[in-house]
Structures are given as C-alpha cells and as structure tokens.
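K.L.:
Go ahead and model the full structure; you've got the sequences and the hints to work with.
Residue numbering for the sequence shown follows my numbering, starting at -11 and increasing by one per position.
Please note: incorrect hints may appear among the correct ones.
Label pairs and their computed distance ranges (CB to CB) [as the list claims (entries may be wrong)]:
1. GLU63 to ASP21: 16 to 22 angstroms
2. GLU(-4) to ASN68: 27 to 33 angstroms
3. GLU48 to GLU26: 29 to 35 angstroms
4. GLY30 to ARG75: 26 to 32 angstroms
No lab work stands behind these hints, which were simulated from the structure alone.
Yeah, the Cβ is synthetic: ideal placement off N, Cα and C, and Gly gets one too.
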Amino acid sequence: MDRERLVERLEAEFCGSEQARRAVSRQARDLSDAGRIEEELGYELTVETVVSNLEDAPAEYGLVERWNWWIGSLELSHGNYQRFRVRPDVA
-11 MDRERLVERL EAEFCGSEQA RRAVSRQARD LSDAGRIEEE LGYELTVETV VSNLEDAPAE
49 YGLVERWNWW IGSLELSHGN YQRFRVRPDV A
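P.N.:
Okay, here's the thing in structure tokens:
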C-alpha cells in the first residue's frame, strides 16, 4: 500500500490533523503488511478499500474515530484487530 497516497486521500476525504493522518496511514500499512484482510476477507487492502471502509463510519466521526470504528468492526467479526487501533488522543 502506498502510504503517502493514503495520507493524501485521507486529507482530501476526511481532513483531520497531519498527526492523525500519519497515524492512520501507519496502522493501515501495518494492517496491509499483516495480510489479515486478504486472508480473512478475501480482498487486497488498498488506498481505495481503506477510504471506502472509513466512509461507512458515522458521518460525525473524525478520522481517528472512523479508523477505530472500522477496526472495532473487524475486531467484533474476526478478533485480534485491536493492535491496529489508533489512540484517540492523536486526533
């Protein structure tokens, strides 16, 4: 996954602080490197799939909240995704 491209898309789609965009992109890269999405859900984790999943979060959520909402959904459905959360104080 192209982390810099993800940072750019996150800024365009969700705003958030630079620190929040970097933290989310770092965790997205770690999630991609872990290969869990491909293994468990059958699709490649790309910039587009990250953005698409974050768009599903409640509209009033900020970037970090959206990321953690998605990771929380993965945790509930598949387990062992908590390590990919972003600390809320990063926002």
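K.L.:
Now tell me if each hint is right for this structure.
P.N.:
Hints versus structure:
1. Range check, GLU63 to ASP21: Cβ separation about 18 angstroms, and the 16 to 22 angstroms hint holds.
2. In this structure the supplied range 27 to 33 angstroms holds for GLU(-4) paired with ASN68, their Cβ-Cβ distance being about 30 angstroms.
3. Look at GLU48 against GLU26: about 31 angstroms separates their beta carbons, and that is inside 29 to 35 angstroms.
4. Distance hint for GLY30 and ARG75: a CB-CB separation of about 30 angstroms, consistent with the stated range 26 to 32 angstroms.
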